[in-house]
Amino acid sequence: MPNRFFVTGTCTEVGKTVVSRALLQAFIKRGKSVAGYKPIAIASHETDEGMRNHDALVLQSSSSVAVTYRDVNPVIIEHHAALTYGESPLDYESLSRGLSRLQSQSNCVIVEGIGGWRFLLNGMRPLSEWVIEEKMPVILVVGIQQGCVNHAILTAEAIMRDGLTIAGWVANRINPGMAYYAETIAALKQNISAPCIGELPYLARPEERDLSGYINLDLICCE
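Counting from 1, position 13 in the sequence shown corresponds to residue 837 in my numbering; the numbering is continuous, with no gaps.
If you are wondering where the hints come from, they were derived from the structure by calculation, not from laboratory data.
Careful: at least some of the hints might be erroneous.
[Claimed, not checked] So the derived label-pair ranges between C-beta atoms look like this: (1) Tyr916 to Glu1023: 29 to 35 angstroms; (2) Lys853 to Glu1007: 16 to 22 angstroms; (3) Arg942 to Asp915: 18 to 24 angstroms; (4) Thr871 to Pro1025: 30 to 36 angstroms.
Just so it is clear, the structure is predicted and the values come from calculations on it, not from any experiment.
Cβ atoms here follow ideal geometry from the backbone N, Cα and C, with glycine treated the same way.
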């Protein structure tokens, strides 16, 4: 089993943080020490300690090892445009150092991306470049909504074209009223070669729940 996974999504707001929490909890149930890592995030609110991102705080609280906020989220930006169009490029080496530090403290690190697979930063360069450099296996989050089959297939193709392994994908039901749910899942399973390692139902306040039962770690592809 790999000791780190990169969690990406078919789009923004598809539940990467919820799935990352579920993965962390599932590994904890297996007796593993785990840490969440959100290397880059956009600030959601200000605190006495500085800017904070809600998703990073969820990962921090879901980790089984003691980690500071800065360990989990070393780069926090005030707004989206500063990431993509900012004059000061992000240092990928610093992201790698942060990842290595968390790996030295735990059995497994769950790395949550930002946006989708081709989220642009560093002067129009995608974060996926860093993931490729690190050769991380990827877990794809598919937000089950209209158009998700197309988005999921295109994202999976891009990840594999980049030479990375999709360790698994997770269906997250973000639209409880969507018709043909079962048919959508069947289409995804038929068209994505990686295993479906979990299905999360629509839940209120999932960041406060035990989600470990929705993930099957035995199905993860370990190529």
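Against the structure, test the hints numbered earlier, and report the numbers of the ones violated in rising order. 2
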